Amino acid sequence: MISKNQVKLIRALSQKKQRKLQQLFLVQGEKNVLELLNTNLVIKHLFGTPEFIKNNAVQLNAQPIIEADESALAKASTLVSNNAAIAVVEMPALPALPQEGLILALDGVSDPGNLGTIIRVADWYGISTVVASLDCADPYNPKTISATMGSFGRVNVVQTELETYLKEINLPIYGAYLGGESVHQSKFTDNMVLVMGSESHGIRGNISEFINHKITIPGFGHAESLNVAMASGIILDNIKRTQTKG
3 MISKNQVKLI RALSQKKQRK LQQLFLVQGE KNVLELLNTN LVIKHLFGTP
53 EFIKNNAVQL NAQPIIEADE SALAKASTLV SNNAAIAVVE MPALPALPQE
103 GLILALDGVS DPGNLGTIIR VADWYGISTV VASLDCADPY NPKTISATMG
153 SFGRVNVVQT ELETYLKEIN LPIYGAYLGG ESVHQSKFTD NMVLVMGSES
203 HGIRGNISEF INHKITIPGF GHAESLNVAM ASGIILDNIK RTQTKG
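Numbered per the working numbering, the sequence shown spans residues 3 to 248.
For the record, the hints were derived by calculation from the structure and aren't laboratory data.
Quick caveat: nothing in here was measured; it's all calculated off a predicted structure.
Be a bit skeptical, because a hint or two may be false.
Unchecked claim - For lysine-lysine, the following DSS-like pairs were computed, each having C-alpha atoms within a straight-line distance of at most 25 Å: (1) Lys-46 / Lys-18; (2) Lys-77 / Lys-18; (3) Lys-56 / Lys-22; (4) Lys-189 / Lys-33; (5) Lys-46 / Lys-10; (6) Lys-46 / Lys-19; (7) Lys-6 / Lys-18; (8) Lys-46 / Lys-33; (9) Lys-216 / Lys-242; (10) Lys-22 / Lys-189; (11) Lys-6 / Lys-22; (12) Lys-189 / Lys-145; (13) Lys-145 / Lys-169; (14) Lys-19 / Lys-56.
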């Protein structure tokens, strides 16, 4: 049974300030919690319904879990829909900023859902570390974690002064713009940085200074723009195809 103090902790972790202070974050929902069990992340508390515990006995193995009914989990959850499991997890030690390979960098992507989907896309294309500006959405926001669909355990997001990072890295830097060379014609190297900007502002001026290859996704219809997560996936797919051919 969830104690009052545990409910208080779960609710507190909906706030970025508390997550940072306690170095803890939430993983909610059956799929994400099951994905969590396959990672090296440290679980501080795990709560699940009797049905969840019964149906996933093999995956849970010796993992301690506190049984709770659906109504108790719903009251504790920070998300609208959660009726299976909630985990309180320790934030991992983050890796150093990447200096080689295919690097995905985000400039001001402030929507947690978009960030979570980008993390999922990065996981699909084998990117284990995403570089993000300090004003990007919090990687540990419950909405971000939920949108990753489990990829939070395989992809780290390191927030940094993006301008300084790009200034110091010695790699070709590509940036996504509404105008630029078509990704269908672009050639990409194995070691490179792809910068994606926010939907509202795009890549900002101070970051644009470091972009030496402006690229775009050619459109064939009448949509004004693409969702940044969708655009990231399309560009990464084109990059991977070019790299494979090369």
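Checklist entry - Within a Cα-Cα threshold of 25 Å, do Lys-189 and Lys-145 meet the stated pairing? => result Not OK: Lys-189 and Lys-145 at ~35 Å, beyond 25 Å, violated.
Checklist entry - Within 25 Å, alpha carbon to alpha carbon, are Lys-6 and Lys-18? => result Holds, because 21 Å separates the two Cα atoms, which is no more than 25 Å.
Checklist entry - Within 25 Å, alpha carbon to alpha carbon, are Lys-189 and Lys-33? => result At roughly 37 Å apart (the allowed maximum being 25 Å), Lys-33 and Lys-189 break the hint.
Checklist entry - Regarding the pair Lys-77 and Lys-18, is the alpha-carbon distance no greater than 25 Å? => result holds (20 Å)
Checklist entry - Straight-line Cα separation of Lys-46 and Lys-18 no greater than 25 Å? => result Holds, at roughly 18 Å.
Checklist entry - Given the hint that Lys-22 pairs with Lys-189, does the C-alpha gap stay at or below 25 Å? => result Given that 25 Å is the threshold and the Cα spacing comes to 41 Å, the pair is violated.
Item to check | Given hint Lys-56 paired with Lys-19 - CA-CA distance at most 25 Å | outcome: violated (35 Å)
Item to check | 25 Å limit on alpha-carbon distance, applied to hinted pair Lys-46 and Lys-19 | outcome: With a Cα-Cα distance of about 19 Å, the restraint between Lys-46 and Lys-19 holds, given a limit of 25 Å.
Checklist entry - Taking 25 Å as the top limit, are the C-alpha atoms of Lys-46 and Lys-33 close enough? => result Between Lys-46 and Lys-33 the Cα gap is close to 18 Å, so the pair holds against 25 Å.
Item to check | Pair hint outcome, Lys-145 versus Lys-169 [Cα-Cα no greater than 25 Å] | outcome: violated (31 Å)
Checklist entry - When you check the alpha-carbon spacing of Lys-56 and Lys-22, does it fall within 25 Å? => result violated (34 Å)
Checklist entry - Within a Cα-Cα threshold of 25 Å, do Lys-216 and Lys-242 meet the stated pairing? => result Since the Cα atoms of Lys-216 and Lys-242 sit roughly 17 Å apart, the hinted pair holds (cutoff 25 Å).
The structure fails hints 3, 4, 10, 12, 13, 14 (numbered hints given earlier, in ascending order).
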